[in-house]
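Model the placement of chains B, C and D with the ligands on the given structure of chain A, informed by the hints.
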Amino acid sequence: MAKLNMVQAINLALHQEMANDKDVIVLGQDVGVDGGVFRLTEGLLEEFGTGRVLDTPLAESAIIGTSIGMALAGLKPVCEMQFSGFSYLMMGQFEAHATRMRARTHGQLTVPMVIRMPFGGGVRALEHHSESREATYAHLPGAKVVTPSGPRNARALLVAAIRDPDPVVFMEPKHSYRAFREEVPDKEEVMPLGKAQVVQEGTELTLVSWGAMMRPTVKAAAQVEKERGTSIEIIDLLTISPLDSDTVVESVTRTGRCVVVQEAPRSFGVSSEITARINDKAFLYLEAPVKRLTGFDVVTPYFGREKSYLPNASRVAHAIEETLNF
Amino acid sequence: MAKLNMVQAINLALHQEMANDKDVIVLGQDVGVDGGVFRLTEGLLEEFGTGRVLDTPLAESAIIGTSIGMALAGLKPVCEMQFSGFSYLMMGQFEAHATRMRARTHGQLTVPMVIRMPFGGGVRALEHHSESREATYAHLPGAKVVTPSGPRNARALLVAAIRDPDPVVFMEPKHSYRAFREEVPDKEEVMPLGKAQVVQEGTELTLVSWGAMMRPTVKAAAQVEKERGTSIEIIDLLTISPLDSDTVVESVTRTGRCVVVQEAPRSFGVSSEITARINDKAFLYLEAPVKRLTGFDVVTPYFGREKSYLPNASRVAHAIEETLNF
Amino acid sequence: MPRKQIAKFSVQHLQILDENGKLDAKLEPKLSEDELLEIYRWMRLARELDERMLKLQRQGRLGTFPPNTGQEAISIPVALAMQDKDWFVGAFRELGGRLVRGEPLTSTLYYYNGWEEGNILPNKDLRIIPTSVVIGCQVEHAVGLAWASRYKGEDSVAVCFIGDGGTSEGDFHEGLNFASAWKAPVVFIVQNNQWAISMPRQSQTASGTIAQKGIAYDIPCLQIDGNDPLAMHVAITEALDRARKGEGPTLIEAVTYRLMMHTTADDPKKYRSEEEEKVAWKKEPLLRFNKYLKDKGFWDDAKEEPLRGEVKAKVEDAVKEFESPKDWQQDDPFKHVFGTEHAVIAEQHKDFLGNVEREADHG
Amino acid sequence: MPRKQIAKFSVQHLQILDENGKLDAKLEPKLSEDELLEIYRWMRLARELDERMLKLQRQGRLGTFPPNTGQEAISIPVALAMQDKDWFVGAFRELGGRLVRGEPLTSTLYYYNGWEEGNILPNKDLRIIPTSVVIGCQVEHAVGLAWASRYKGEDSVAVCFIGDGGTSEGDFHEGLNFASAWKAPVVFIVQNNQWAISMPRQSQTASGTIAQKGIAYDIPCLQIDGNDPLAMHVAITEALDRARKGEGPTLIEAVTYRLMMHTTADDPKKYRSEEEEKVAWKKEPLLRFNKYLKDKGFWDDAKEEPLRGEVKAKVEDAVKEFESPKDWQQDDPFKHVFGTEHAVIAEQHKDFLGNVEREADHG
Ligand SMILES: Cc1ncc(C[n+]2csc(CCOP(=O)(O)OP(=O)(O)O)c2C)c(N)n1
Ligand SMILES: Cc1ncc(C[n+]2csc(CCOP(=O)(O)OP(=O)(O)O)c2C)c(N)n1
Ligand SMILES: [Mg+2]
Ligand SMILES: [Mg+2]
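Residue numbers (the working numbering), protein chains in the order written: chain A, 1 to 326; chain B, 1 to 326; chain C, 1 to 363; chain D, 1 to 363.
Check the hints yourself; a few may be wrong.
Computed list of lysine-lysine pairs in PhoX-like fashion (alpha-carbon distance at most 20 Å, straight line) [what the hints assert, rightly or not]:
#, chain 1, residue 1, chain 2, residue 2
1, C, Lys4, D, Lys183
2, D, Lys245, D, Lys183
3, D, Lys26, C, Lys4
Just so you know, these hints were derived from the structure itself, not from any lab.
None of the values given here were measured: they were computed from a predicted structure.
The following block holds chain A by itself, in its conformation from the complex (with noise of 0.2 Å):
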């Protein structure tokens, strides 16, 4: 057991999942001798060498159509996207391939694939660097993905992504990557894709969140807590797609009011999705409209006004005193 970031915490699963099974390589821009531009695969090339560690050259949708060729030759490519913010350029590789070959061949050929990325904003990045997009990638039937919220987390959903016999794409809140440690175990641990996490019962009001906003969510729900006496049950999603509605709903059915924190822009956002599950689920238990707190329809500003634009604590805040004084 050791206090681990987040950082440390991926590379841990990388290094042990690496060493379980060699099947899994790993690939990317600067993964190798620069041990990633954040540091993920640190010592990866060291202990397992330029046969499985593969810094490639700049190019996103050969790096996705490459890992695509690997895992149909059975291998389990764990690859990067520098940030998320580039990953549109292999959109087309990982819409048209990845996520489609099992279906296509009713699941004789299969893509087992992980593709890390971080993502959000938060780290005074430059343009490009701190879009939040997860829906982007959750539209798309056959594709998992996955955000993790802590060091523990990352690590145990990192192993079941890599062991999953799917894609999944892995986006990592850059934003948490140092921001906070956690005892993380050194035993593999393992979480299921596909359930979201209660992290706080609660009875008057659920909180759902995901991702580096997590952090705020919590903060807020002490905050309110703290002021009213409230009871707020919070839900860490974990997985975006599939989307466990059933905990969410099931919260819902107990609390009768419920706020999402999201902070990608509101529209047709992972928020959108949660709220027309309750609706359909839960509709005679809501006491109050599901309420979104999200980031906006706005081209993500530079860093110099990120500040305004990203949800926080005292907006979550406000988001929960509106929705218990609805």
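Only chains B, C and D with the ligands this time, still in chain A's reference frame:
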């Protein structure tokens, strides 16, 4: 005034806008000599010459990338993706530049362009030719997404899209290309982007759809009205983003019930956003949950199974009944 | 202005059997009578199936498909030169090669009639990747397969096909660059059939040859007459050999002609002359190969007739099987979204079955 | 085996001023004293600004940025050879060229400190396209701009920069192919600085030169010493001329070295030796150009000192302006999503202002 199908109506808009404005350029695969694989651009080359109608090499990203360059130089490129299924190859260019140039230069540089693409199923096409993914583009701030439903609005919306100062993804429901004809005035007709249209007034339920799904939607409404005498209001979205939820919300505050019909897979789709907007603004008026009657979250099946997977009038009618009976 | 020349390149062309069936004996590969006849038999079968499919399509018994007629001399000798462990990575105009690799005739029929069942091989070890409709993607898959086979110590090669139009896609470039950077055991074959739907080869790219695109990556390249099965045999043998020796990828431009429409949805009259087609028909591969075999004394009209009957019968059997009733389920797609269970999919599956039931009730 | 050679290509290298400042007089371009000194002054200014930015970044007064030191001999002579009506399409390592084109020094500072204001030119007609962070995209923009300028009869050329790493992207290939198919008036300049973050040039692509990638499209190509401003001047002049004469695109590989870290977030010690850097520093452009100017009698140390003071002062002024209070609004992004009004944006704008107010209240 002539009875035109959607192919002819779009062709008319292209002819007239090219004649109107020398800055309008048409480019894409097979749009010139061949007149487009669906014949949408027929006659343009003959009328405007190879200087303004460009048969491009086979590269989606370059079609959009060079169009962005042309737009930056003051032209108004109208480019064609042969099928929406190939458009993911240009997502990088579109996301990184077309949708952002205005924001990143505070309006000093802009990218007025139209990307036309046939989308959706129902024509027994090869794989990758039948998807419906309007939500993917709609989630991008800075992008407008338009889906006509008939010849007349297709023509009037395309004219507006070409004149719009921003990039517009113009998604043409190919199932409706030749399915029916409408009177389309010779004289210029323009419909505003960002406005939904109430195509039938009613008081007991609001039915929302767009694109090719408008036809089964209208048919189902007629059937239920006939059978049960229900008064149904029907809204055609026309623009997916920015979404005109005001029109939908206003309607639902009167009817209290809503069914949204969408061809695309359900999760993270447009109908989820509509549901969320109704939840936001018409919560207290709702007498039943908003019903999403949609495609399934499966990889688009080949055409041997396609029919089973597309929403049809009978399923829409069933959804209406369920919502009325709630 | 005197500048230092730092690199020199050239592109070679190979033709062994010309359009009149005339042989350049110096270049003739050592193929036995059986081997030569095998090529011919497969070419006939592919041609027959293609022609039959066109009829089926016109009769409304088959969906849209891209005919392969005239390009038989490319994928067939290639597939015959490959080993079982090699990977066959096609685009969508390699009918003959697929058959050689062991894909049942019915697969193509199912596939182009809208059934995923057309992608399911009798045996996964046939190592045929399904058709890549999205042009260019397959290039990178082949590189990944090649890399994996080396990683696994399999000594197998990935052979990848693409059209002249496909070479304009970014994935073609990225794939070739990765292949050469990795010295991957892969062979790229461009079926330059002069057209990409309505776009003629010379408008697709300004380069004099497609082969020279290999120079960008220091990939050995060669242009061959793609209607000459002997040239194709020589070129692929050399390339497979190079790959297996660890010397990396090869790019082969096979110059041919798309004799038919792009797909059955296309009308070439809109963009090319019948004159041009007529000239091309004179160069088609079966004609010249037939003459060559006759010249060698391996073939005559008396043998041709039973062969024609044989391939017709094979195609007929396939069509019969294709049109026989199937118990394929409409709800299969729900079973193959993921390899694991998920509540959302399960619930929608139930809804789907409910629809089916309700719609059956209502007739 | 005798095959027919059907095409021949070669790649030339041009160096006029070698790393010791030694001139190949036969190749020397006809540039006046003023013109030469202008190049030198801009190089000094760019160097000074770069060094100052690094300090600002280290002091926490500037965000992450990619230093340009060592690459001044590329974009500066290029920008000086361009006409006002030409388009300057950069990647992100063309600081000098941007300054020459008339971009204020403050623009770069604003941009790398997270303000869109850094992209707003004093005058739109400067024809500088903002930095393209997503690598490769700019290649296609340049081709579109070039096409448009010909369409409008403007006789202007688009000049596009990209790194050695960038040549691996699909968009590089697609852009070059479109350019040559369209014979577009465009010049592509690859700043081959040997590194793409941690990836050395020889692993990026297996080709011996980057220049030869032009052969894939029959685009005239040339490799030059990118630390030699005279070679760059000759190459760009020739290429601009070719473009303006309607003869289409040119590809120039300018061989240089990224002397500093990739960006200020990078640590080159992880992947390259100090020895290698030391060798590269000896070849850097300012050193040799200074020597050349002195040899010609155009320059001496007495002139150097005031120039240093001058560029320092300019940079100082820019930093002052950069750090002076601004009335830039936090809600600007709402005003520039679309050029037209939309209810959703308006409503969210109101919400945003509400947040700001509330958060101001709460301190
Ligand atoms: C990425 C992509 N863009 C467009 C298409 C539509 N399309 C199908 S075939 C074709 C032409 C292909 O030409 P070529 O590569 O020369 O192959 P050929 O059809 O001649 O065999 C086009 C444009 C596609 N399938 N994929
Ligand atoms: C499409 C894309 N992928 C990845 C990155 C991340 N990235 C930024 S710079 C860089 C290396 C660029 O190398 P090169 O093209 O040689 O330019 P240089 O930095 O050497 O000037 C990478 C990988 C990016 N900006 N864009
Ligand atoms: Mg072709
Ligand atoms: Mg570089």
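For each hint, the structure was consulted:
About 27 Å separates the Cα atoms of Lys4(C) and Lys183(D), which puts this hinted pair outside 20 Å; it is violated. Taken as a hint, the Lys245(D) and Lys183(D) pair is honoured in the structure, with Cα atoms around 11 Å apart against an allowance of 20 Å. Only pairs whose Cα atoms come within 20 Å are accepted, and Lys26(D) paired with Lys4(C) is accepted, the gap being roughly 13 Å.
Consistency note: the structure conflicts with earlier hint 1 alone.
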